[in-house]
Every structure is written in structure tokens, then in C-alpha cells.
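Start from chain A and add chain B according to the hints.
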Amino acid sequence: MPSSMPRINWLEIQGFRAFGKELQRVDFSSQISVLWGPNSQGKTSFAEAIEFLFSGSIVRKELLASAQDEFADSLRNTHLPSTKTVYIAAEVLDSDGTPHSIRRTLASDFSKRANCTSTLEIDGKPATADDFAKIGIALSQPPMAVPILMQHTLGYLFTAKPLERSLYFKALLEVGDLDLLRNAIGQRETSLSMADTNLIKKLKSAAAIDNQDVKDSLAPLLVLDESPLHVAQAIAYALDALIWSAGFATPLDTATKIGVVEGELQQKQTKTFPLAQLNRGTFVTVTIADDELWPSLDNFGEQSQKVDTEVKDLTNLFTEVLRVPAVAANTSAIDCPVCGTEDALTEHRVQVIRDKLKTSQAYVEAQASVQSSLRQLDTKLTTLEGNIRGARPSFQGLKSKQRKDTSFSVERMRELLPEEQQEQLQTWLRELRSYLRAMRQLAKLAAAIKTTAKQETGTFANAEAVQGLRTSLAGLKAQQARSTQVEKAFVAAEQALKDTLRAVVDAKSNTTGWQELLDIAKDQDGLLSDVIDMKARAVVKGELTKALQKIDRAKEEVMNDKFAGMSQEIQDWWERLRPDEPVFFSGVKPRPQTVRTIDFKVSLATTSERLNPHVRDVIAIFSMSQMHCLGLAAFLARSVREKCGFVVLDDPILSSDEDHRTSFLHIALDALLKAGFQVILLTQDQGIQKDLTSLYAHLSIDQFQIILAEPANGAEITKTADSVSAMLAKVKPYIGNARLEARMFAAEKSRNIAERVCKEIVVNNRRLSGEPTAAITDYTGAKGTLESLITEVERYLIDLSHPGKLRVIARTLNPGCHDDNVPTKEALKQAYGELVGFRKQYSLT
Amino acid sequence: MQAEQAENLKLLRSHLDMDSLADRLVTKYAEADGQNVETALDSVLEARLAEVRDAIEHASNKLA
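Quick mapping for you: the protein sequence lines, in order, are chains A and B.
Residue 79 in our numbering is what sits at position 79 of the first sequence, and the numbering runs on without skipping anything.
Residue 877 in our numbering is what sits at position 32 of the second sequence, and the numbering runs on without skipping anything.
If you're looking for bench data, these hints aren't it; they were derived computationally from the structure.
Just so it is clear, CB atoms sit at the ideal spot from N, CA and C, and this is done for glycine as well.
A couple of the hints might just be wrong.
[Stated by the list, open to error] Quick list of the computed label-pair ranges, beta carbon to beta carbon:
#1 259/A <-> 881/B: 49 to 55 Å
#2 881/B <-> 695/A: 49 to 55 Å
#3 884/B <-> 564/A: 32 to 38 Å
#4 263/A <-> 863/B: 56 to 62 Å
#5 529/A <-> 863/B: 31 to 37 Å
#6 259/A <-> 863/B: 52 to 58 Å
#7 881/B <-> 437/A: 54 to 60 Å
#8 225/A <-> 881/B: 28 to 34 Å
#9 180/A <-> 863/B: 22 to 28 Å
#10 248/A <-> 863/B: 55 to 61 Å
#11 97/A <-> 881/B: 39 to 45 Å
#12 881/B <-> 226/A: 29 to 35 Å
[To be verified] Distance condition first, Cα-Cα at most 35 Å in a straight line; then the derived DSBU-like pairs of lysine-lysine:
#13 550/A <-> 873/B
#14 601/A <-> 61/A
#15 550/A <-> 855/B
Next comes chain A alone, as it looks inside the complex (with noise of 0.2 Å):
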């Protein structure tokens, strides 16, 4: 065999799907191997075992499921006891001759949600699939990365819709990751995409200002293209156009041209509605740190029980009169300062004062500690009170006639506001109750709260007094939290009332777009900055459509050129295996100026030399046969373009395509087998076996047989050509069929099993009493009949039964060959079970 490309030596089977607990072992010592088996035995398995053991899947999932979920549990075999693993196990002898082992070992199998995991081994070592370039074998692209043929793949071609069937070529081409890339790059066109700023949006309405020559101004700043911005100037000129239309001089800087803008809307708009009286500030919280404040008030708590109450009234008093120099300085009686008794004040006398004061000081710093305390409070809750007042909105400082006089009412607005919008004003009627009601509770709280915080500070020695502060401060920091929640839900419904107000207001006074223009004046940094950004966006996105546009024709020169070489290679083949044709295939190539589409042409000419054909596309005047001789021909060409050493062959040829049958095993296959490929043929096709057998002595043809006897057991594979086992899983699908012709032909068939069995079962006693060269082709002739064979096999039977059972199968399958007296249904499956029965107990192969 030629050996410049790796093939399989032998290869081991445990566990996977129709396999059971068993392992299948298969020897390849010849460069084609046939493997016959009837339908539903295992040969698919077999095929797909290679597969999954090279790409850790399985083709036919990525190619026939229509749901994750319809492969769960597919793997392993439903059979198999829990203690035993799932593995297909290979030797690969690469280019030189060197062995290789390699293992893939099933992890998880498929599940509802989960693609199936496992764990690969080559040479003992754990590895990934690329591991596999190491040892020269050279995996294709998925779907199909193992160079395996079988009925689905060709199957999912003629069904595909085109898209499907364009990279079902793709792939088989070696094309496909160019689509992927190409996707990958062209969904990056989101990453562009941004939506647009608030200051974006405000410059689009204002350059729709209606007056031509803000427009004007402004339209350069939209321009998407990488031209240069002058935002300053635009705005200037815009807000000139507005000033000028209202007859005024335009002032120099744009401070002094914002106010005139302000002024001349405003003046414009309250004409129709007082817009600004909606307007308020937000509501703004406060922080009531009071972590100082409860230790500084239980301090001085304690502080007053040490005091006693005398000193507590006289402290002050004390503290004033030590001040005075003549008593500070006592060093004899002196007149009393308050009172006025003469050398009240003795030195005894001033030192009690002393001592009095020096109790109470810790009682005096605690004091000063409270006070200043509750005046941070104070200052705290003022500005809690000025924020409530900001955040009123302005209408609420409006007495009744102003709001008459600036027509603030609700019946204005309800005027305004168009049928459909009305609901907005009920809803922003009923939020602004409530926040005003919340509004006013903060308020009032507050302002309860400073009230205590005023009192004598004395007042708080007392536990009970600042537990109450203690409560109110609490119920003051719930109701803060509670009054934002109600501001937000009033913001929601304040904005809607506004924004749909501002509308109307703008339209009826022809300002729509004026207050943007003024925003954006306000912020011009901003502005340049959000509009560099959107133009550089834009220019991006044109560039990435016209780099697409290049990547996909660069990608369509690279599918042409690999097109030509494949096409031809293709063309090869398919003279191989329908040669000399009227109607032949004639190229593959992209579709022009498509993206996704692949075209197979179709020569028809009206004799076999072929003159002055048609060309036509394949897909609308191929048969079906002419499909899957084109399949089998794209397969063919991609593997001997990968030198992937051996290809898989299941059932290539269509039982009803007769006429072809011979051009593939004479001419496709010797041309394989010439390019030094290893070929595994599966088929439930005798005629096949027997031709390949035949055609392929020379090369030595290995035959193996798949047959699933019990589902419990799972498939079992045996190396022979005619087994006792082999003879039956032919024999098979004739039992219980009730047709005549049917039943002729199991009698027979049988008939020619029962005396295998019982050659074998002599032959192998024989042996074993030592005759070494004992032979089935010692009988022959008059001692192969049955009944000669029964008595010859009596000795050797291990059942008393089992003489009986032959005599009767002999006389039941006796009259096999004639139209007379054909044995029913019902007696050959009897038969048959007994035959099976000697299979086993005698372990016949």
C-alpha cells in the first residue's frame, strides 16, 4: 500500500451509539476494507464512531437537527450500564510508518441546552483537535472536518434551501471561514452607531428654526463629512437671524445675544401661555448629621444630675464674678460686686466660689457642646426650608391676580393642550397635590423642630425632652425620603405637561426650536465636541461599507481562483463515475456579484461526444441520481485535495442507480485506492460486497459484518465473509415476511445455515480432539447434506434436545426449493430462533 499519507489500523468501539457494552474491535490490514451489514445495524454508527472520535461531534446534528434538544442522550448507547464509558479508540500510522494512539473519550453527551463534550488523547497525552496536524492527518473545516461520506450529508444537499446548499459547497471548498470573517467584520458596523446626544438633538431642532437664515447658519454643523466646524460663528449668525427679525441691533458678544434671544422668546411665548411659572428648581435633600448631636445631649444629661440645681441658676453668675479683677486678685475682704454687702467677699469666700465652679465645669462644657449642636441643626434645617421653597414651582408664589394678569390657569392649559394630550394635565394635577402636600409636611416638620431646637437649653437635661426631638428628627428624615419619592413621580408627569405645552406654545408663537438654540449656545464646548464625534462616526461607517464592498469582491477573486482548481477536480471525477455522458456537469463558481450564492453548471449536449453544448444550472436539470453523483464527486475531489489518508464511505451508491454502480467500483474507487487512500466502504448492499470482493482479491479486500442481534448487547462487528452470524443477519429480513417468493427463499437460506452449523460444530470438535487440518470443505458433495450432517453432528451436541430440534428444522426447511408444501412463516421463525440458539451455545462466529 502506498503509505505518503496516514491511515487507520485499527480501531475500537465502546459504548457509542448502536455499540453496546462490548468492545468492537476492527483490524484494517488491507487498503479497502468492505463492511456489510442489512439496514439499521450499525453501520451509520460505525461511520459516525470515526467521525466523532477525529472532531468530537457529529455531522449529521449540525446538519439534520432543527432543535438542540432533538440530539439529547443521542451518544450513548441506551443500553449501556452506567459503570461503563463511552470511547473510540484508534492506532493511526502516519506518513512514516510511526503508530499512533489515539482516544476520545464521550464526557457529557448531548443535552437539551448543551452541545456533547469529551476528552481527546493522543499518544497517552491529553490534546485538541489541531493536535491532529501533528501526526499528518489534516482535518477539514466543520460541518464536515472528517472526510466521512454518508447518506445524510448527500441528503442535506438536494433538500437544502440555496443558502444552506451554497455553504454546504463552501465548506466542502474550504470558503466558509471567509463568510465568517466577512460577518464578523460587518456586524461591527453597531459598534458605530450611537444614538444621538441631547445636544444633537437640540442642534437638529434648532437648525429647523423656521427662519432661512438660522437655517442656513446652522446646516454646516450637520454635514457628515470630515469637513471643518466653525460652531461659534454658526451659532452666532443663528442667533443674530433671530434678533435681526425682531428688530433689534445685534449686539458683539454672545452673552448680550442669548439675553435678547431669552427675552424675545419669552415675550413671545407668555403671549400665548406664562411657560416660566411651571418652572422650579429641583428638590435638593439635606444631610441631618446627628451623630453629634445625641452623645453631646446624653452627655449633658448626665452632666445636670451631677449639678445641683443652685449651682446650675448661679453658674453664670459665679463665672461673672470671678471675672472681676478685685475679687480675682482677693486677698482680704472685699464688697460684693452683685450685691453691694460690705467685705462679703472674703478670701474663705471666694475660694468656695472657686470650688463651686470647678464641679460644674464638665456640666458648663457639656452645655456649650448641646448648644452649638442645636445650632447646626438649625442652620440645617434652614437651608431644608429655602430648598423646599426653590422647589416649588413659580405659579405657587403668584398671588391670584398675577396669575390672572400672566393668563396662568388651568383652564389655559386645558385650552392648549390638544384632546389626546389631556390626560397628561389630569395626571400632573394629581402628582402636583401630592408633592405639594408632601412639600408642605417637610415644611412644617421643619419648622417644629427648630422651634424645640430654640428652647432653653436646660430644657434638654430632661430624657424625656430629647426623646421628643429624638422622634421628630426621625419622622423629619422620613418624610425628606418620602418627599423625593413623591418629586419623582411628579417630575415624570411635570416633564410630559412641559414638553407637550412647549410644543404648542412654540408653534402658536412660532419658536420651535428657539430654546435648543439657545441651549446649545450655552454650551458650545459641548456642542463642537458631540458634533466631531457624529461626523467622524459617519465618516467611519461610509468607510467600513466601502471596506466590506472590497472584502467581499477580494473574497469573490479568492472564491474564483479556488473555484477553477476545485471545479476541475470535480469535473475529474465525475467523468469517473458517469463517463462519456450527453449530460455532464461542467463547473462550479460564485454566483457574480452575489454574496452567498454558488452556481453548478450543467453542459447538455444530444450525443456523447458532447458538441456545442447548453449550459444550464445543475440544480433545475440534475435527476436525483445526477445529485449524488455530483455530491460523491465534490466529496471525492475536497479528499484527495486534503490528503487526509483514508475517506469513509457509507453507501455511496444508490441502490436504484444500477447503471453507475460500476464506474464507481471499478474506475472511482481504483483511482482512489491508486492515490493511496485508505477507503472504508459500509454497505447493505450484497451485490456490492460480493463485487468489491471480487475486484479487490488482489489488494487482499478485509470483509467485515455489522449486526445488531439484541439492541441490549449493541452492534457487533466480525471479520468474515460467510459466519454463521453473517448467514443470518442475511437471512433476517426474509423471516416472517408471508409472501411466497420470500419464504422460498429463507427455506433455503436456512437450510444452508443448518448445515454450516453443524459443519462447524464437527469441524471445531474435531480440532479440538487433535485434528488440526480438520476442514468445512470436508464435507462436501453427500456427507454436506443436512441429513448427513445431523447424524455426523449427534455426537458432539451438548443437549439432549439439540438432535431433535436439527431433525426437525431439516424436516421443515426440506421442501424449501419447491412451489409445494413451502414452509409458513410462523415455521421459519422457529427455525430460525433455533438456529440462532446453536449460534450461541455451540459459539459460532
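Okay, now just chain B, sitting in the frame of chain A:
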């Protein structure tokens, strides 16, 4: 990256102008080799975005 893919990308680049945006994107895609492809491609676009922004800003400053 498999040899076939690398070859395809090389062929693709041979049909693109050197250092064009298309070329830079394809090169970055090949360098990423399937890891964080989106981030890799975005980095090319962000770099180009920065170039264009700078160009507009520079020209605008000259006008002001």
C-alpha cells in the same frame, strides 16, 4: 488557525490595498485567531475614529 484558513486570509489580503481599512480589519481578524474577535475589530475602528476626530478637531481649531 488551520492552514487552509490562514491561506484564505492571505489570499484575501492580496486582493486588498495595503493598509486600507479593509486590510487593517482583515489583518486584525487573522491576528485575533478566533479570540475576542469583536474587541480586536473594534480596536481598528476606534483607532480610525480617533484619527478622523483629530483631523476634524484640528481643522476646526484652525478656523476658530
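Results for each hint:
Against the hinted window of 49 to 55 Å, the Cβ-Cβ separation of residue 259/A and residue 881/B comes to about 53 Å, which satisfies the hint. In this structure the hint that residue 881/B and residue 695/A lie 49 to 55 Å apart at CB holds, the actual value being about 54 Å. For residue 884/B paired with residue 564/A, a C-beta distance near 36 Å keeps the hint of 32 to 38 Å intact. The hint said 56 to 62 Å for the Cβ distance between residue 263/A and residue 863/B, and at roughly 60 Å that hint holds.
Hint check: residue 529/A to residue 863/B, Cβ distance near 33 Å, so the stated range 31 to 37 Å holds. Between residue 259/A and residue 863/B the Cβ separation comes to about 56 Å, which falls inside the hinted range of 52 to 58 Å. In this structure the hint that residue 881/B and residue 437/A lie 54 to 60 Å apart at CB holds, the actual value being about 55 Å. The supplied range of 28 to 34 Å is met by residue 225/A and residue 881/B, whose beta-carbon atoms lie about 32 Å from each other.
The supplied range of 22 to 28 Å is met by residue 180/A and residue 863/B, whose beta-carbon atoms lie about 23 Å from each other. For the pair residue 248/A and residue 863/B, the supplied restraint of 55 to 61 Å holds, since their beta-carbon distance comes to about 59 Å. Between residue 97/A and residue 881/B the beta carbons are some 42 Å apart, a value that agrees with the proposed interval 39 to 45 Å. Checked against the given bound of 29 to 35 Å, the beta carbons of residue 881/B and residue 226/A, roughly 30 Å apart, stay inside it.
Under the criterion of a C-alpha separation no larger than 35 Å, the hint pairing residue 550/A with residue 873/B is consistent with the structure, at around 16 Å. A C-alpha spacing of about 30 Å is found between residue 601/A and residue 61/A, which places the hinted pair at or below 35 Å, so the restraint holds. Our distance criterion of 35 Å between C-alpha atoms is met by residue 550/A and residue 855/B, whose separation comes to about 15 Å.
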